[in-house]
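Engineer: In case you want the letters, here they are:
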Amino acid sequence: MTVMAFNEALREALHEEMARDESVFVMGEDVITHGGPYKVTDGVAEKFPGRIFETPIAEAGIVGLGVGAAMAGMNPVIEIMYLDFITCAMDEVVNQAAKMRYMTGGQASVPMVVRLPCGVGRLLAAQHSQIMESWFMHVPGLQVVVPSTPADGKGLLKTAIRSPDPVMFFEYKRTYTHKGEVPEGEYLIPFGKADVKREGEDVTVIAIGPMVQKSLEAAVLLEDEGYDIEIVDPRTLSPLDTETICESVRKTGRVVVCGEDSSFAGSVSEIAAMIAESCFSDLKAPIVRVGSPHVPMPFSAELVKHVVPEAANVVSAVNRVMS
Amino acid sequence: MTVMAFNEALREALHEEMARDESVFVMGEDVITHGGPYKVTDGVAEKFPGRIFETPIAEAGIVGLGVGAAMAGMNPVIEIMYLDFITCAMDEVVNQAAKMRYMTGGQASVPMVVRLPCGVGRLLAAQHSQIMESWFMHVPGLQVVVPSTPADGKGLLKTAIRSPDPVMFFEYKRTYTHKGEVPEGEYLIPFGKADVKREGEDVTVIAIGPMVQKSLEAAVLLEDEGYDIEIVDPRTLSPLDTETICESVRKTGRVVVCGEDSSFAGSVSEIAAMIAESCFSDLKAPIVRVGSPHVPMPFSAELVKHVVPEAANVVSAVNRVMS
Amino acid sequence: MSLTQEKCLKMYTDMWRIRLFEEEANRQTNLGNVVGTLHMYCGEEAVAVGVCANLRDDDYVLGTHRSHGHCIAKGAQSDKMMAELFGKATGTCRGKGGSMHVADFSLNMLGANGIVGAGIGPTTGTALASKIRGTDQVSVCFFGDGAAARGTFHEAIAMGSLWQLPVVYVCENNGYQQWVPRKNVAVVDSVADMAGSYSIPGVSVNGQDAIEVYEVIAEAVARARSGGGPSLIEARTYRFYGHSLGDEQQYRTEEEVEERKRNADPINILRDFMTERNWLTSADDDQVQQRAGDEITRAAKFAEESPWPEMGEVGTDVLFDAKEVA
Amino acid sequence: MSLTQEKCLKMYTDMWRIRLFEEEANRQTNLGNVVGTLHMYCGEEAVAVGVCANLRDDDYVLGTHRSHGHCIAKGAQSDKMMAELFGKATGTCRGKGGSMHVADFSLNMLGANGIVGAGIGPTTGTALASKIRGTDQVSVCFFGDGAAARGTFHEAIAMGSLWQLPVVYVCENNGYQQWVPRKNVAVVDSVADMAGSYSIPGVSVNGQDAIEVYEVIAEAVARARSGGGPSLIEARTYRFYGHSLGDEQQYRTEEEVEERKRNADPINILRDFMTERNWLTSADDDQVQQRAGDEITRAAKFAEESPWPEMGEVGTDVLFDAKEVA
Ligand SMILES: Cc1ncc(C[n+]2csc(CCOP(=O)(O)OP(=O)(O)O)c2C)c(N)n1
Ligand SMILES: Cc1ncc(C[n+]2csc(CCOP(=O)(O)OP(=O)(O)O)c2C)c(N)n1
Ligand SMILES: [Mg+2]
Ligand SMILES: [Mg+2]
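Protein chains in written order, with this note's numbering: chain A, 1 to 323; chain B, 1 to 323; chain C, 1 to 326; chain D, 1 to 326.
Pulled out of the complex, with its shape left as it was, chain A reads as follows:
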């Protein structure tokens, strides 16, 4: 175990996979010059020359090339500088990468990872702060991965790179500097396996991405109120580990689902709907969702703080399901 930051853990995963498998390569804007804005691709150009491509500003082209290279047996790891720009390549992701295996009756394989720095970071307003996990969940053929810790980041990115199918890999910008212990060398986390980040008896808090950390903070505060909360981190939203979630719900009977994105038709909505369908008889209280209000991200710091959910929102949601 080494303590490292989230972005360092991702970089380690990338370097290890590139050393392991010659078909892994990197493509994206500014990925050579500074190793990308978050330095995840730093050092690749030096260690793996000829396997990193710094591109023009052309997201549809970048992902399009990735799809083709992947169909030809390569493993592209694409960086979209900000998730918001994936809107420029949705045909490539949704109609090409996701559907190719199906449309060709299993002939095609598109082992492509699209890395998506997302959420608020520096205050950059509405076009640089989005998340949109639920968009990609809704597309069959895509896998949606949301690591919440450096260790999960490493283990999930390595699995993503080895996956024979396209992966939308969410990296919350605010967590790049978060530190944590990370296993050395070979460390793979299977997709579709949620992680219970904290065990508890009273309430199941299903937390996505940075809401895991905030829920852990909330748990400490809630202990004082006498509530023992369990925190389930799905880690992959598609495939979704309904079993682990439902097991926890069966135990506690009370559910809060937390994400940083807007809840309306968001990733939390699917989880809530699944529980309302599969665990109804275990439920003792309404399923409460925590997320952003349904507004674009404003610029002003004074407004942003009313948008992004924090530990306090988890606390009040838990209070609601306990009352």
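Some hints here could point you the wrong way.
[As the list claims (entries may be wrong)] What the simulated footprint calls covered on chain A by chain C, stretch by stretch (three residues with Cβ under 8 Å from a Cβ of chain C suffice, anywhere in the stretch; the number is not a length):
no., region
1, 65 to 78
2, 87 to 97
3, 104 to 117
4, 168 to 182
5, 208 to 217
Please keep in mind that the hints were generated in silico from the structure rather than gathered at the bench.
By construction, the Cβ of each residue, glycine as well, lies at the ideal position given by its N, Cα and C atoms.
Starting from the known structure of chain A, arrange chains B, C and D with the ligands on it as the hints suggest.
Structural biologist: Structure of chains B, C and D with the ligands alone, referenced to chain A:
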């Protein structure tokens, strides 16, 4: 009242609005030659010369131009030949049209309607059969409209054209030929107002688009089983009329939510999650969702029939919530 | 690759195979056996055969919504293709793709595509793969003149040029984009004229003449294979049928179509060329047509007799099935 | 519009106003009052002023992520702009947009934009609006050289040309795309050379020279206004600061930047031009700078003293508030 097909009702709405307001104009591929594949823009070129633009194959350009024209005070009504192609213009829809009013602090208005023929029609497989309502629901600043009858089509399209904000207008291809009574002349349906398409006491079936018709068929079958179902058609998914939905749920205590799209992170998930949060104490049974399985649309007729939900699926869902 | 009698005969044969395949598919549509729609390639066959006669089996090809010809010319089996159009389990894509998604990965024919212009990026990507791996495979992308308007054309070709990738961009300019004459919606006549924006060679050829196509493509393929980077080739061609089945074709006259069929049928043009050189006797010609006809008849029979996909197929091939992993 | 002393003085003044506005914004960032990031326009001022000096108030302008200069040159108030950068309620966008979304619709400055290349389509759309309405308004789109790689450039300019819309496409080619020198990722040097693909005139000008920009744009605007259709103008320019604040600029040398500041500062170039003609005395010059400095000081004070937006603002302006309807 005149009996007309869904596409005729839309055409009537478009013609009426173009006659009423000079700022309304049409843009899209093949919209002049045959009035588009579904003939909704038929006759516009003759009656309103200079107000219809047949474009190159360039969806990002089309919607981009629409955003600018709308900001300059025009009311573009854009036809995207198949919804699937809107993936080529997601930046324009999501980062531009939807956020412009907010980012400019209320200065911008983007009164643009994007018409989206969607779902299965002729068998054209995975890239010509999508729906994706939940994508647009998840984007603040967009309005998502899904008419299920010719009358609703007319009333909602007229309201959409007059809306000062962007509207994603879903037209299920299979319903273009469905006939129904349509009020003559001025007929506007407000957004955010669900319509109870059938009153009943036992189960609330919330049905989207073509599932309204299929639920009505299911209701007849279910009558024989002694179940009296209420059918609520949200008509606009964003804004969503939670009040009418919850009112019905309070009455029946049992809920089935039906859409033709895949349920996983689909439009039905938001409705189910909302009910699980807002009406929990009224619920007597799990909330059951009806939708497609989470797969791309196959080509073969033999496979398609196992994908698209029909009245029988509604029947078995109702049986589940009644048991 | 130099032009031989054998090569010509292969091209000539493939043109007939394409022509008869499509006419049969059309007939099967009228019988209700083929559903969905067909984008007929008839009239444009010289492009597919002229291009593919320059390719090796391991070269990559990506197509369009109008790709029956590209598939056959690259070597795909007509019986499996026909079965695909029927939606049968024996189809190239096990009935999941249909006419717009026919593909044969064993021949590196990576598929037709239902989204206009969507193949240009991926083909540039297969070329990137070859470059990274250091193989000398060439990638060829077919696309229509309408596709040249899409941003993908602009974005991908620039990258192909930037990294000097082994790719040939082949635009099939048939003068129409669905129901709209190109001149109504395009501001440059020849797509080849856009090559300058990407610092690559751009050449326009008569797409009805397989020989002309063959020779221009031979040069482009040779350049690509030897590390000389991409080319943009426009083949000026004409489709004899409507955009897709059921098209009333109000946008062009019957005379125009008849004139083209009379004067610009690629099969006739290649036949004349071969006949002149004594490369094709009338008996040869009969045999070619006979064999192609028999093949297509067998293909239709195969398709008709093939089983439907089983219901469980709905849920397979969405993701790689983990159970299949060694 | 012919070039007058008055026009020159206006351009010269606006260049100072832009320069000092940005330097102040930069200072306010260091003080922690401006958060987020700034894409500094310093060094490129001649483009904004040379273009906007040709425009009427009702002409449309759309910008980029680097649009402080475009806004000021189009007439936006520096105090409201500064307040926007602070995130204050008095900002041009009530604090909701910030540096990348400054806009003033009362001047038909329809906004900066955080998505590279995203303004090209909408500007073509404002031009379409003018054409439909029959007004003689001209639309101008600013975009960087990096944006010329995007599909939006290709798709939108083709439509501008197809319908002969009154629009001028102004590419600010500063030789860099974020941290990458243009030559590393682009295959044509001059963006103007791409005009041929759209059958419109393409001209490259020295973007450090406001007079040259002014004159070339004058022609393009006149053509657009009189129904002659679009033009593509490339202004070759240089940014004196990094891509955005905090940029370490490993991709270029300090010497390069210093050399450009010495020899290609647009303020110096216009000053020399005016001084030679006796259009600007040293006293005039002092006064221009003094006034601009005072204005910007006031702007910073205004921003600092302005109130924060109220919490309720989070939920307004998402949709038009029905309550506001008459
Ligand atoms: C992105 C996209 N937009 C629109 C369509 C609908 N469409 C299918 S084929 C076609 C015309 C294509 O014209 P061209 O590229 O010239 O090919 P051709 O049909 O002439 O072979 C159109 C508009 C589509 N499939 N994809
Ligand atoms: C679609 C998109 N991709 C990437 C970015 C990130 N980005 C912002 S500015 C920039 C460089 C733009 O270069 P250029 O167009 O030359 O403008 P300049 O910054 O030089 O003025 C990049 C890559 C973005 N904002 N939008
Ligand atoms: Mg064509
Ligand atoms: Mg630049």
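Engineer: Report holds or violated for chain C covering the region 104 to 117 of chain A, Cβ cut-off 8 Å, minimum 3 residues.
Structural biologist: Held - the region 104 to 117 of chain A has 6 residues with a Cβ nearer than 8 Å to chain C, which meets the minimum of three.
Engineer: Confirm or reject the coverage of the region 168 to 182 of chain A by chain C under the rule of 3 or more residues with a beta carbon closer than 8 Å to the chain's beta carbons.
Structural biologist: violated (count 0)
Engineer: The region 65 to 78 of chain A covered by chain C? Criterion: 3 or more residues, Cβ-Cβ distance below 8 Å.
Structural biologist: Check passed, 11 qualifying residues.
Engineer: Please count how many residues of the region 208 to 217 of chain A have a CB within 8 Å of a CB from chain C and say whether that reaches 3.
Structural biologist: This one is violated; 0 residues, fewer than the three required, reach chain C with a Cβ under 8 Å.
Engineer: Three or more residues of the region 87 to 97 of chain A near chain C by CB distance under 8 Å?
Structural biologist: holds (count 4)
Figure legend: structure checked against the earlier numbered hints; hints not met, in rising order: 4, 5.
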